[in-house]
Structures are given as structure tokens and as C-alpha cells.
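J.: Protein chains in written order, with this note's numbering: chain L, 1 to 368; chain V, 1 to 270.
Read the hints as simulated data drawn from the structure, not as lab findings.
A portion of the hints provided could be inaccurate.
Here chain V is said to cover these stretches of chain L; the calculated rule only asks that three of the stretch's residues, wherever they fall, bring their Cβ under 8 Å from a Cβ of chain V [claimed, not checked]: (1) 251-265; (2) 280-289.
Residues from chain V that face chain L, not an exhaustive set, calculated with beta carbons under 8 Å [what the hints assert, rightly or not]: (3) 32; (4) 109; (5) 124.
Some chain V residues flagged as far from chain L (calculated, every beta-carbon gap over 10 Å) [claimed, not checked]: (6) 63; (7) 90; (8) 143.
Yeah, the Cβ is synthetic: ideal placement off N, Cα and C, and Gly gets one too.
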Amino acid sequence: METGRRVLGALCPGVHQILAGRWAAGLILSGSWVGLLAVATTRWRTFPAVLTGGWDVRIAVAVIVFGPLAAWIWSWRDVRGSREHPEAGSAGEVVGRFVESPAAVAGLLTIIALVVVALITPVLASFHPAEQGDLLAGRFRPPSGTHLLGTDRHARDLLSRILYGGRVSLAVAFGAMGISVGVGTLWGAVAGYVGGRVDGVLMRIVDVFIAFPRLVLLIAVVAMYEPSFVLIVAVLGLTQWPGVARLVRGEVLSLREREFVLAARALGYSRRRILLRHVIPNLLAPLTVAAALGMGNTILLESGLGFLGLGLPAPVPTWGGMVADGRSVLFTAWWVAAFPGLAITVSVVSFNLVADGLRDALDPRLPW
Amino acid sequence: MVTGPPLLDVTDLSVAFHGRRGVVTAVDGVSFRLHEGEALGIVGESGSGKTVTALSVVGLVPTPPAVMGEGSSIRYRGEEMVGASEARLRRLRGGEVGIVFQDPAQALNPVRTVGAQIVETLRLDGPLSWADARERASELLAEFGIAHPARQLDAYPHEFSGGMAQRAALAIAMARNPAVLVADEPTTQLDPTVQGQILRLLRDLRERRNLALLLVSHDLGVVAGSCRRVLVMRRGQMVEDGPVEDVLRSPRHPYTRELLDSRSIALAGG
């Protein structure tokens with residue numbers, strides 16, 4: 001029984017983990033293995049595009065080919081190795097607490113799926129997002145075999161547009177979060193650690209930013225300049241950081257009173273070294289939670305901009321823009337607005353669920 | 001034994017804290033000298049100013065709110081450290097004077113491995129290859145009595161017991177081979193057996209490296225076992241100063257007698 005399970009687990013990644021009760025790891029392994037193999041068997045004809053296509057196609061094919069391989073190797077090592085009991089305070093314990101929440105695990109699985117799908121979109125999508133079908137008979141077609149989610153007013157395939165739109169949303173969200181976490185961490189850490197007048201000045205600037213309505217600022221900037229990917233990422237990132245700065249400052253205020261900071265000073269470390277290598281690494285837990293929450297927020301804002309027509313310009317598909325497109329035909333062709341709207345909801349909810357799960361697992365004291 | 005100029009010469013050290021409710025004088029006119037290879041104990045109840053004295057030696061008392069009294073002088077090898085630049089003090093700390101603190105579990109950075117913290121300290125003295133740094137770090141851990149040092153380099157502080165953590169903290173403090181070690185209640189958080197081991201380690205260290213030790217403790221017994229000379233503090237002032245045997249046998253100040261009595265009661269009761 002035990003041996004059979006191990007053999008089965010070594011051959012089909014995920015089976016052993018699910019049978020052993022670790023269904024989060026099992027679902028990730030089996031899902032990526034089965035899903036990517038399914039994509040490979042149905043869409044292998046597009047693989048030769050690797051030779052002619054751009055980097056996005058090469059990355060997509062690499063993920064499809066090496067993804068199942070990686071899952072298999074991981075599972076095989078997992079089956080062979082004996083698992084030690086997680087120690088108190090270790091990463092294993094955090095993972096253990098995280099997987100206790102089915103909602104958090106569901107959110108994590110969805111996010112992994114979203115990211116993988118975004119990576120392999122060039123191979124997965126049947127149509128180019130801007131490719132127009134038969135403009136006489138092909139407009140507003142309901143979901144069918146060729147167009148799984150139907151077509152829009154320009155007879156474009158909705159599924160392909162949603163897939164490409166997801167790439168945009170995720171890329172914008174990751175970029176903006178990178179900027180806001182980076183800037184906010186440094187800003188808040190300097191304010192909290194240096195203290196005194198520096199703290200006062202830095203935090204008053206943060207107060208000004210937070211007091212300013214974010215959407216108004218976004219609309220003003222996007223209306224003034226031509227919206228582009230870099231602009232949207234920069235604007236979203238640079239309006240998000242004050243919240244991170246505030247959170248980080250609070251954490252640093254308590255961290256700097258800890259004895260290991262005094263000990264670090266007693267060893268002759270410079271202030272910069274203590275801040276960058278001793279204080280900031282201790283912020284990992286609250287920052288992870290803040291980043292996950294911020295991801296959902298950013299996707300929502302980016303979609304909002306798209307809906308208002310202030311997102312990336314026309315040929316680029318964005319979820320917000322697609323919902324706006326479908327608004328006028330909501331009663332005759334509901335699928336045009338419904339599916340992109342669903343995509344927004346699912347991704348935002350997933351990030352929020354993961355953030356909640358992380359907060360419970362890491363137990364940082366967060367102000368929101 | 002007491003020959004040549006002192007390593008550390010503290011004269012008339014006064015530290016006051018300016019708070020919202022007035023001025024609190026934590027240390028008031030403390031003077032002592034520490035020579036190479038010598039061990040000096042500072043004993044007193046909590047709040048007697050012994051920790052502030054210890055921290056002052058390396059300029060770790062935050063100013064403000066603390067204010068050094070006029071005429072306070074701390075000389076390391078004849079060089080005045082009161083009012084020295086932050087850069088000079090940074091070179092003093094760790095390189096010339098090392099410190100270990102009371103709670104070893106708190107004194108190590110919880111999110112970085114013990115090895116990383118030792119290597120980082122070693123690299124302050126100049127570039128060092130990864131392999132060499134690990135080799136030296138592992139030797140250090142071994143010198144401070146940690147079994148399987150190479151494996152423990154990758155351990156996190158929470159995986160260490162209190163005694164092991166204090167050994168690791170000592171190894172980090174001594175990594176750059178300072179001439180003076182300030183130990184602020186190094187054994188208070190440890191259970192009695194481990195206390196003995198750590199004190200023995202300090203004694204070995206003093207003999208092997210000719211280290212000068214400034215041992216701060218509330219426990220006369222700990223100091224008596226490790227130091228030749230002892231300084232008794234109360235309310236920021238020195239009430240007694242002299243060889244341990246004299247102080248133990250014929251305390252001049254009633255407070256020292258009280259301390260001794262409390263100790264013997266504790267012994268009788270325990």
C-alpha cells in the first residue's frame with residue numbers, strides 16, 4: 001500500500017501528496033502537471049513558432065516543456081525524502097498554518113494558475129487579441145465551440161482577449177507593487193530608524209500623499225500624458241507606496257528597540273548596514289501581506305482606469321476596457337462584459353484571500 | 001599583574017537622563033581602570049546604573065536623552081572616547097571593545113543564520129572569500145564550544161538553546177578579537193549549569209587571548225568566581241571598590257553587607 005502509493009506518487013506528481021493529506025501541495029503539483037501536459041498535447045503545433053517568434057513565445061514554450069518536468073522532479077524528491085516535523089517559528093510552520101485555510105489555498109491555486117496562464121498565453125490563445133473575424137456575421141456571437149466565450153462588437157475572440165488582458169493586468173500589478181514596496185520600505189524604514197526631524201518631515205509627506213484622493217490623481221496624470229505601460233505602472237506604484245511607508249515605519253519603530261539592533265551597533269555596524277541587512281529583512285512578514293493586498297487593489301484600480309477609457313490605448317486588451325465595451329450591450333450580449341468582469345473579480349478575490357491567509361499564518365500586526 | 005598603562009581608564013563618569021519629569025542621574029562619578037588580561041566586576045541591584053556604565057564605555061547610551069556629566073572621561077589606550085566621532089566609536093565597538101548582552105535569544109537577528117551573522121562581522125575587517133569566512137566562522141563556533149560547528153552555521157537563532165545562543169553571541173562579539181569584553185549580565189537568563197559553563201568559557205578566553213573583562217552582574221557570587229576586583233554600585237554611585245576577597249570578607253559599606261546577606265539567604269533557601 002505504502003510502496004504502491006510512493007511508486008504512483010513518483011510517476012504522477014501530486015498523487016502521493018494528496019494521499020498523504022497534503023492536498024495543497026498535491027493540487028499544485030498535479031494541476032500544473034496535468035494542465036501543462038494537456039496544453040502541450042493540444043497545442044504542440046504552435047511550438048515551431050519558438051524559432052521565429054519573440055521572447056514571449058519562447059518563454060511560453062519553456063514553461064510548458066519544463067513546468068511538468070519541474071513538478072515531476074520536485075514530487076520525486078518529495079516522495080524519496082523523509083519529511084521532518086516543522087520546527088516552531090520556521091518556514092514549515094508558516095506553510096502549515098497557511099494551508100489550514102481552504103480559502104487561502106484556493107486563492108493561492110488561482111493565482112498560480114493565473115500566472116502560469118499569463119506566461120503561456122501566446123501558445124494557449126487561439127486568436128490574436130486584435131484579430132477581427134467576419135464583421136457581418138461574426139459580431140456578438142454567444143459562446144460556442146470556436147469562440148469559447150463568444151465574440152465582441154469587432155468579432156474578436158473574447159477568450160483570447162481575456163487571456164492577453166490578464167497578462168497586462170498582472171504585469172501592471174507586479175510592476176506597481178515592486179515600485180511601491182521598494183519605495184515605501186526604504187522611505188518608512190529611514191523615517192522610523194533615523195527618527196526625530198527626518199521622521200517628521202518624511203511622514204508629513206506621506207500624510208499629504210494619503211490625504212490626496214488617489215483616483216483623482218491617477219486620472220489627472222493619465223489625462224495629461226499619453227497612457228503607456230510604463231506610465232500606468234509608475235503612476236499606480238507611486239500612489240501606492242505611502243501606505244507601505246506608514247506600515248514599515250511602525251514596524252521599524254518597534255524593531256529598532258530590539259536588543260539585536262543594539263547588539264549590531266555594539267559590533268560596530270554602520271547605520272546603513274543595520275537598516276538594510278538587519279532591520280529590513282525582519283519586515284518580510286508584514287511586507288508579504290501588504291504586497292498581496294496591494295496586488296488585488298492595483299488590479300482593481302488598473303481595471304477602473306481601463307473602464308474609464310484611461311488605461312492602455314485601444315489595440316491592447318485590458319479587462320476594464322472590455323467591461324466598458326460590453327456595457328452598452330449588457331442585455332443583448334451579456335458575455336462581452338460578464339467574462340472580463342468575472343476575471344477581475346476572481347483575481348482580486350484570490351489576492352485578497354491569499355493576503356488574509358498570509359496574515360493569519362505570519363501573524364503580523366497590521367493596521368488594516 | 002597590574003602593569004603598564006590601563007586599556008580602559010574611566011574617570012568621574014556621570015550620565016544623566018533628561019526626561020519629561022526632570023533629570024534622573026543614572027551614573028554619578030564612577031571611576032575604574034581595566035588592564036590587559038584583568039577581570040573587573042561591577043555589582044549592584046537593578047537600577048544601580050551598572051548597565052548604563054557598561055554601555056557608556058562603547059558610546060551606546062543614546063544622547064539625547066542621556067547627557068554625559070562634565071569631567072566624565074573614558075579613555076581607551078589613552079584615547080578620549082567621550083565626545084569622539086561616531087566613526088571613531090564604530091571602530092571602537094566590536095574591533096577593540098566587544099559586548100555581550102543579557103538575553104542571548106534577543107541579541108541575535110532572528111531572520112538570519114548564525115553563520116551569516118558571524119561572517120558579516122568578520123568581513124568588517126576587510127574582504128574575505130566565502131569559503132574562508134565560513135571556515136573561520138566554523139572555527140570560532142568550535143572555539144566557543146558549539147558541537148558540529150559547520151552544520152550549526154546554517155541554523156537560525158531560534159533553533160539554538162539559550163546556552164548555545166550565548167556561546168554564539170560571544171563568538172560574534174569576539175570574532176574581531178577585541179582587547180576588552182564587556183559582558184552585561186551574561187548569565188542571568190541561563191540556568192545554573194549553563195551559567196557555570198559560560199563563566200568558565202569567559203575565564204578560558206581571558207587566559208587564552210589575554211582579554212580584559214568587564215563583568216556586570218547583580219550576582220556577587222558570579223563576580224566573585226570570575227573577577228579579582230569588584231566595584232559595588234548603588235543608585236549610580238560607587239559604594240565599594242577593591243579586591244573581591246576584601247570586599248567579601250570585610251565589606252565597608254552597609255549596602256555591600258546587605259547584598260552579601262541576600263546572597264547567603266538565597267543560598268540557604270536554595
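J.: Would you mind marking each hint as holding or not holding in the structure?
T.: Status of each hint after checking the structure:
no.	hint	result
1	251-265	holds (count 7)
2	280-289	holds (count 3)
3	32	violated, 20 Å
4	109	holds, 5 Å
5	124	holds, 6 Å
6	63	holds, 13 Å
7	90	violated, 5 Å
8	143	holds, 18 Å
The structure does not agree with the numbered hints 3 and 7 stated previously, though it agrees with the rest.
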